[in-house]
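Line by line, the protein sequences are chains S and P. Each residue of the first sequence is one higher than the last, beginning at 1 in the working numbering. Each residue of the second sequence is one higher than the last, beginning at 1 in the working numbering.
Please note that the accuracy of each hint is not assured.
Within a straight-line C-alpha distance of at most 25 Å, the following computed SDA-like cross-link-like pairs (lysine to any residue) qualify [said to hold, decoys possible]:
(1) Lys91(S) <-> Pro167(S)
(2) Lys69(P) <-> Leu78(S)
(3) Lys69(P) <-> Cys81(S)
Here are some of the chain S residues that sit facing chain P, going by a computed Cβ distance under 7 Å [stated by the list, open to error]:
(4) Leu87
(5) Gly88
(6) Pro245
These are computed hints drawn from the structure, not numbers from a lab. No residue lacks a Cβ here, since even glycine has one placed at the ideal position from N, Cα and C.
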Amino acid sequence: MTALDIAHLEALTKDYAAFRARKSGLATALGGTLVIALFLLYALMIFSHHPRWPRPWIYVLSILVYGSPLLWALAKPLLVCVLYRGLGEVKLRPDVAQERQRWRWIHGLALFLLLFQSAALLGFVQGFLGSISHSLSPNQIPLDLPFHWRSWLWVVVMPCVYALLAPWCIRGAEEARTYAVLVAGCVLWTVVGFSFAVVQAPTSRIWLGSICAFTLVLTLGWALRAIHHGWREHQEYRSMLLGLPPVDSTEV
Amino acid sequence: MSFDPSPLQPILTLDRVVHEPARLAILTILASAEEVEFLFIQRVTGISKGNLSSHTQRLEGAGYLETLKSFRGRIPVTSFRITEDGRAALLAYHRQLRALLPEEKSR
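Next comes chain S alone, as it looks inside the complex (with noise of 0.2 Å):
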């Protein structure tokens, strides 16, 4: 045994140790992807007049989008379990550094669904209130307000659901990132579903439509990184695997 098969020995054993640990391969992408199907289906929804939807569609994309990132949480230990447990189990040594960095990554995640949150509220309350000023005609407004209460009850409720669950589903920064991805990604359509919905005057449409741009421009970003990112970690778990010696039969 050479001073490079100890070295790779230990490498290996870390590396495999924090794949179990902290990196979750294909489960990371899939969050990216669920972030690109959802804000494709949510612009169709949108984009195609959806008050001509039928209701129970529209009721079962909205739990679709507000449940994605239930289902990627739920999906992600499977993958993982299915995917990456071919060598079994191996505990990563306690990481004080790497653990205070992903509480830091949890407590941030919680404060930006907390600013999102209050940022929704603030909007529903401010587009509901613009909405009766102007006293628009129901023609006026696309989609019908006792839908948006409950559209809105959503918004306000689900951020505390995700934040409730970080703790549990988050294991590492890449899991983090592509967490505040998926959630932000499902909620924002319904952020700019209302906000054109509501508002009228052409100067707040340039203005939201250039936030909501690049919001989404951002979301799709991440989501892409997400996807290169998970794509990357399975590839790595491959040539771990295609690394290994053959299992030597001989007893002695």
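Starting from the known structure of chain S, arrange chain P on it as the hints suggest.
Just chain P now, with coordinates in the frame of chain S:
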């Protein structure tokens, strides 16, 4: 003419439990993680089940590792954890071996 065995003394004092390549590999793996499953050591080292069992028993006998038995569903799972003595022995072995090897001279 008499043979002077003193230069060989450090080599002879090497810890033989650690010196064996398979056991050195096992200890190296265990030192890099908190707890390692039997399957991982077997797959990474390529050692057969029987040989791995006998080596881990030898290391456990020397007090260098502890065996942990558990169940995953109905399947029994064996894992290992390096002890403080094991870690100290591995470090001492590395130090001893480094001292024995000639220093690489630049050309």
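Okay, the hints, checked on the actual structure:
1. Lys91(S) <-> Pro167(S): 19 Å, holds
2. Lys69(P) <-> Leu78(S): 24 Å, holds
3. Lys69(P) <-> Cys81(S): Measuring from Cα to Cα gives roughly 20 Å; hence the hint holds.
4. Leu87: 5 Å, holds
5. Gly88: At about 3 Å, which falls below the 7 Å cut-off, the nearest Cβ of chain P leaves the hint on Gly88(S) intact, so it holds.
6. Pro245: Holds, because the Cβ-Cβ distance from Pro245(S) to chain P comes to roughly 4 Å (cut-off 7 Å).
Hint check: no violations occur; every hint is consistent with the structure.
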